[in-house]
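Model the full structure from these sequences, guided by the hints.
Chains as they are written, first to last, in this note's numbering: chain S, 1 to 158; chain R, 1 to 226.
Rather than coming from a laboratory, the hints here were simulated on the basis of the structure.
Where is the CB? At the ideal position from N, CA and C, for every residue including glycine.
Please note: incorrect hints may appear among the correct ones.
Pulled a few chain R residues facing chain S out of the computed Cβ check, cut under 7 Å [as the list claims (entries may be wrong)]:
hint, residue
1, ALA36
2, LEU68
3, ASN77
4, PHE78
5, GLU161
6, SER186
Non-contacting residues of chain S with respect to chain R, defined by C-beta distances greater than 10 Å in every case (computed) [claimed, not checked]:
hint, residue
7, PRO7
8, ASP17
9, GLU29
10, ARG30
11, LEU32
12, GLY33
13, ASP34
14, CYS35
15, GLN43
16, ALA49
17, PRO58
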Amino acid sequence: MSDRTCPFSVDVGRYVDGELPAAEASAFERHLGDCGACQGDIQSLRTLAASISSIPTPPLLPMTLARMLEDPRIRGFGRGAAGLASGLVGLAASLLLVGVAMFYGRGQQHPERTVMNLPEPWEGAAIMLTADEQANPADRGMAEWFVSDLSRADRGLK
Amino acid sequence: MCSTKAAGDGGGKALVQPTDLDLIRRAAGQDQQAFAVLVGRYAQSLYRLAYVMVGSAADAEDVLQETLVGAYRGLANFEERSSVKTWLSRILVRQAAHLLRSRKTRRGRLTKSMDGPVAPPSDDPGMASGPGDEAVRRKMDVAAALKTLSPEHREIILLREFQGLAYEEIAQVLDVPRGTVDSRLSRARRELQQRLKDYETTDAASLNGQRGRYKAAGVGGDALEK
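Rendered as structure tokens:
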């Protein structure tokens, strides 16, 4: 390709790629029968193309693709990524309330509640729902589950 | 345009496969399954392109991931003037270029790949000892030579030979005039062929040098001929 001395002015690559206009392609094909240099160029380009297209690459595993599709920026269908994030913030706030209430509640006894197995006062605060949690049953359920689980542990019911 | 492809299932009942445009429209309407099906059609080919462009599996995964995110965000703005394959390739090429730029900035230079297709050591006498090995060596040489090209030349060659895109599609992917594709691709191929010649010359010189060292050390050079 680079050393060719053929005076025929055509881009052999465009011919090989099928990108030459029909008239130019026909003219080039008439020339091609008598030109060893151009034949060599074509062969060389085809060999190069075959080598490139068969460069070995690892396969993309289905589980890898599935993991990519789990990206929150993609999974945020409907609610949007911001909605998902605010849901998580709501959940975190609930857990913080649980922690604070447990810290202050340790030293106090509520015998009637312990006996009757009623909710501790902090539970009422903890299960107050944020606006996001109210809008999303999954978040609300998870927050309630955390509260319930911690509450049972606090009362020694596990 | 919103038609579907019907394919016989051999049992007399036609299976209807949604077209890319159907899937795009459904995905734009927040149909996650449609987006997954659409992505599944092109993921392997996009990953292969990313792998050869950036030279490592981990980086290729990053590039593909960002491509999918970019595609998802751009669903609503998809213009039906180009094919989905062209559109996705365009996003991927930009993500790969972004990664290569940031890598270059981070390390101060474009690094050699660690786990990508690797060129054989040029002084390995065991390479290319038979006709089958010659083909393998050529593929590895091509992979190594591609890495030495400028990103512009590498990407245009890969879009043509790896993705099989037509010149007009390449122009859309790279956002350049069609005439630029003609000239750039021609230059890129010439450069790649020159690099391959350089490799062959280096390999031959290296092999001859080894023979000389073996002979000087009193070791027969016949093993190198095998």
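We went through each hint and held it up to the structure:
1. ALA36: holds (6 Å)
2. LEU68: Cβ of R/LEU68 sits 6 Å from chain S, so the hint holds.
3. ASN77: It is violated, given that the least Cβ distance between R/ASN77 and chain S is near 16 Å, above 7 Å.
4. PHE78: At 16 Å from the nearest chain S Cβ, R/PHE78 fails the 7 Å test, so the hint is violated.
5. GLU161: Result: holds, 4 Å to nearest chain S Cβ.
6. SER186: holds (5 Å)
7. PRO7: holds (17 Å)
8. ASP17: For S/ASP17, whose nearest Cβ neighbour in chain R is about 7 Å away, the distance does not exceed 10 Å, so it is violated.
9. GLU29: holds (19 Å)
10. ARG30: Nearest chain R Cβ is 22 Å from S/ARG30, so the label holds.
11. LEU32: holds (18 Å)
12. GLY33: Its Cβ never comes within 10 Å of chain R, the nearest being 23 Å, so this holds.
13. ASP34: The claim stands: S/ASP34 keeps its Cβ more than 10 Å from every Cβ of chain R (closest is about 23 Å).
14. CYS35: holds (18 Å)
15. GLN43: holds (12 Å)
16. ALA49: violated (5 Å)
17. PRO58: violated (6 Å)
Going down the numbered hints, you'll see the structure goes against 3, 4, 8, 16, 17, while the others check out.
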